[in-house]
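The residues making up each chain are set out below.
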Amino acid sequence: MKEVRVGVFICHCGTNIGGFLDVPGLVKYALNLPYVVFVQDNKYTCSESGLTEIKNAIAEERLNRVVVASCTPRTHEPLFKSTCKDAGLNPYLFQFVNIRDQCSWVHMQERERATEKAKALIGMGVARAALLEPLEETAVEVNPCALVLGGGITGMTCALSLANRGFDVKLVEKEDQMGGTLNRLYKLYPTGEEASKLVRAKIKEIEKNPKIEVFTTSEVEEVEGFVGNYDVTIRRGEKKRILSVGVIIVATGAETLKPVGMYGYDGENVITQLELEQMLKKGRISAESVVMIQCVGSRDEKRVYCSKVCCPTALKNAILIKEANQDAQVFVLYRDMVAQGTTYEDYYAEARETGITFVKYSPERQPVVQNRSVRVYDELLGEEIILPFDLVVLSPPMVARRDSANLAQKLKVPVDEYGFFLEAHVKLRPVDFATDGIYVCGCAHWPTNVSESVFQAYGAASRASIPMSVGHVKTEPSISVVDEDECSGCGLCEMTCPFNAIRVEETEKGRKAKVIAASCKGCGACGAGCPQQAITMRHFTDEQLLAQVIPLAEAI
Amino acid sequence: MTREERFEPDIIGFLCNWCSYAGADLAGVSRFQYPPNVRIIRVMCSARVDPIIVLEAFTRGLDGVMVLGCHLGDCHYMTGNYYTETRIKTTREVLKDAGLSPERLLIDWVSAAEGERFAALVKEFTERVRKLGPLGDETDLELQQLRTRLIAAKATLAQERLRWLVGRERELVEHENVFGEKVSQEEFDQLMLQTIEKEFAKRRILLSMGEDALSVREIAQRVEASPGDVLRNMITLERDGFVSVVGIEGSSPMYRRAGR
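Chain order of the listed sequences is A and B.
Each residue of the first sequence is one higher than the one before, counting from 1 in our numbering.
Each residue of the second sequence is one higher than the one before, counting from 557 in our numbering.
Treat the hints as calculated values from the structure; they're not laboratory data.
Do not take every clue at face value.
[Claimed, not checked] Taking lysine to any residue pairs in the SDA-like style, the calculated list, with each CA pair at most 25 Å apart, reads:
#1 K509(A) with R717(B)
#2 K412(A) with N229(A)
#3 K754(B) with I550(A)
#4 K679(B) with E60(A)
#5 K81(A) with E417(A)
#6 K679(B) with I550(A)
#7 K679(B) with T72(A)
#8 K412(A) with L243(A)
#9 K645(B) with L721(B)
#10 K754(B) with C490(A)
#11 K211(A) with I550(A)
#12 K645(B) with R111(A)
#13 K512(A) with R726(B)
#14 K410(A) with K645(B)
#15 K410(A) with K679(B)
[Said to hold, decoys possible] Short, incomplete list of chain A residues facing chain B, as computed with Cβ under 8 Å:
#16 L33
#17 W105
#18 C490
#19 T496
#20 M537
For every residue, glycine included, the Cβ atom is placed at its ideal position computed from N, Cα and C.
Using the sequences and the accompanying hints, generate a full structural model.
Quick look at the structure:
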């Protein structure tokens, strides 16, 4: 092994360090540490002259490790790393020691003990530095082609947005035609626009766009690869086909709960809002007295959540019924009307003006649907009322598609307790998955209305186009590496990794874990739990950590 | 007690880059003063802290170890700190078996905005360890005895079965298995305690044996356990290939460590 030659640069940081620690004492101490061949103190190591001194010393003293004892790596590590790089030293041979934020600033009244601590910290830094290894960053090319799963309004919008940015798009739809849930809707709230018109316009745009290739009646069979280079096998009947793409967008939507066994649901006299849409579309609505019941199968013990789109939907359909027949009686039995924002509040006001009656019920006293009437305890009136009906319309919530868990498993992305896809961070990364290169939008993620679905589709398209525009993803070299001889292929690491960056594969030596460099984030969780201790976390190896634990401690 | 006589514990703190290390920086920027007993080692995620390294620190004579991560749910790596939690919880149990106070190992969460909290934690922990005294003060063990126990504890935490169990806690407790069964937290903790106890006893036996051929009674004396308990452990140790029977003395088998 090449001789280790460590240079230590100790910063006064004006008086921030120099005023509270005995810097000359530190210099003297550092000079006596093993491997140290050069020590210098600077007024400001981060100044132009300080950086030049580092560069000169690397050349003149043939330093192959640099330790800077100054402030925090969180602000200054990139600067010193690039200084090393400029001087021809691999930046991973640089070691930071924080003697300001974690020493001089926090022990201002204890010069002596603070100086002792600073010595210890410098000793730890030198010990680790001696064990550092040069690492190289690599780049993985990104295939500028996106796979959009789902051809509903969300998927179509997302595909168009990506294609208009110049990327190739493969759009996979399970049904034999695009449009998704919108194919089953009549008019959309709050504009009254016909859903079919919107769908037709989008389909036309897609068909015209040479960048988009559509695969209907097709489903995902298998997903292989990582960001930039996914191979997705799709199946159409018996035929299989592999699509090579750089990114994947999940826009598979949701389905509506079929309220079987609830409120006498029979699909004829007691139907759902979705079934009502079909009747309205066909103009076949003759009912004189309609009772709508909200929160059917939602906001209860089994599904705590509010599906959010059902209240505006009920408002819209109630208004449509009134518009078609002024004399029709429409009652909406609700727990809480969800009509947020000025638009929907106006919408609610309009519904009231139209003569629709709203009756508040409580979950403790749910309405009872009898033969030709609904019995309900009106919470505001404080008494039970009986409403005769021709038609009862139930508002069940959107639920995750039955096959969403299956798809999630293939993509190795998480779903929440209700089976909806789970984003990486609710506020910071709302359309990303933790796994790089996979995104989510629309009802696949959570019940959304059309306009929210469209927002999210644009959001996901925008996020997905970042790696494709850059053309490559840089892979951080401080990642996990598996010692195949030690690995037993137990798969615990695969289970631990939230980024799918480590997978057990069949190799010549049997089942062995393999790290996917492009996906590994370098947290080290896999290695610290590996039953065989077969995983090394580069740049934070056991030896490098232990070197810092030990220099001061005396073995007992 | 005068300043000179006061015991100054040597403490190491493993801090994750994204939250707790940033919290420590903020304590600095805000000039929150705290005792200088803690030396900080930066790791990218608290989940990098292998229990073996924690034991290594104690074996080398450190008086206390702090592991600080992001608050649960805020981990930069999604779920890292949940693993840290299980691993450190287990390590604390193993420390107990070794005769050390688990209070010497702290796990807690500090966000990047909690400089004051970081300073308070360091203060509190330093005082706590100062009260406990130098490593081993809480036991009647001789230093050499403590050292062997700590080495056995380290070997326990390196043990495959235990590490596998630790890694599976979240899955076993939170999800059903293929048969639709779920392990309750109490059941899991119980299982974990049993496993730790068994593995620790076995590691102690192995360490105590050295190169000697020994009867169960002799081993029992060395590890201060009942011959019945030792025999049970010898049987599984032999099954797993750690020891082999090298002869019979009277009616008692003689064991020797297997060469692996």
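Going through the hints against the structure:
As the CA atoms of K509(A) and R717(B) are separated by approximately 22 Å, the hinted pair is consistent with the 25 Å bound. For the suggested pair K412(A) and N229(A), the alpha carbons sit about 15 Å apart, so the restraint of at most 25 Å is met. With a C-alpha separation of about 30 Å, the suggested pair K754(B) and I550(A) falls outside the 25 Å cut-off, and the hint is violated. Among the hinted pairs, K679(B) with E60(A) is inconsistent with the structure: their alpha-carbon atoms are about 44 Å apart, more than 25 Å.
Our distance criterion of 25 Å between C-alpha atoms is broken by K81(A) and E417(A), whose separation comes to about 44 Å. As the CA atoms of K679(B) and I550(A) are separated by approximately 22 Å, the hinted pair is consistent with the 25 Å bound. Between K679(B) and T72(A), the direct Cα distance comes to roughly 21 Å. Compliance with the 25 Å bound is thereby established for this hinted pair. Distance restraint check for K412(A) and L243(A): the Cα-Cα separation of roughly 18 Å lies within the 25 Å cut-off, and the hinted pair is therefore satisfied.
Distance hint between K645(B) and L721(B) is fulfilled; the C-alpha atoms sit about 13 Å from each other, no more than 25 Å. Between the alpha carbons of K754(B) and C490(A) the distance comes to roughly 22 Å, so the proposed pair stays at or under 25 Å and holds. Between K211(A) and I550(A) the alpha-carbon distance is near 60 Å, which puts this suggested pair outside the 25 Å criterion. For the hint pairing K645(B) with R111(A), the CA-to-CA distance comes to about 37 Å; that exceeds 25 Å, so the pair is violated.
Restraint check for K512(A) and R726(B): satisfied, since their Cα atoms lie roughly 23 Å apart, inside the 25 Å limit. For a cut-off of 25 Å, the pair hint linking K410(A) to K645(B) is broken: about 33 Å separates their Cα positions. A hinted pair counts as satisfied when its Cα atoms are at most 25 Å apart, and K410(A) with K679(B) does not qualify at roughly 48 Å. Contact between L33(A) and chain B, as hinted, is not supported at the beta carbon level, the nearest pair being about 15 Å apart and thus beyond 8 Å.
For W105(A), the interface hint holds, since its Cβ comes within 8 Å of a Cβ in chain B; the closest pair sits about 4 Å apart. Hint status for C490(A): holds, given a least beta-carbon distance of 7 Å to chain B, under 8 Å. About 6 Å separates the beta-carbon of T496(A) from the nearest beta-carbon of chain B, less than 8 Å, and the hint is met. The beta carbon of M537(A) is positioned within 8 Å of a beta carbon in chain B (closest approach about 6 Å), and the interface hint is therefore held.
Violated hints, listed in ascending order, are 3, 4, 5, 11, 12, 14, 15 and 16; each of the other numbered hints is respected by the structure.
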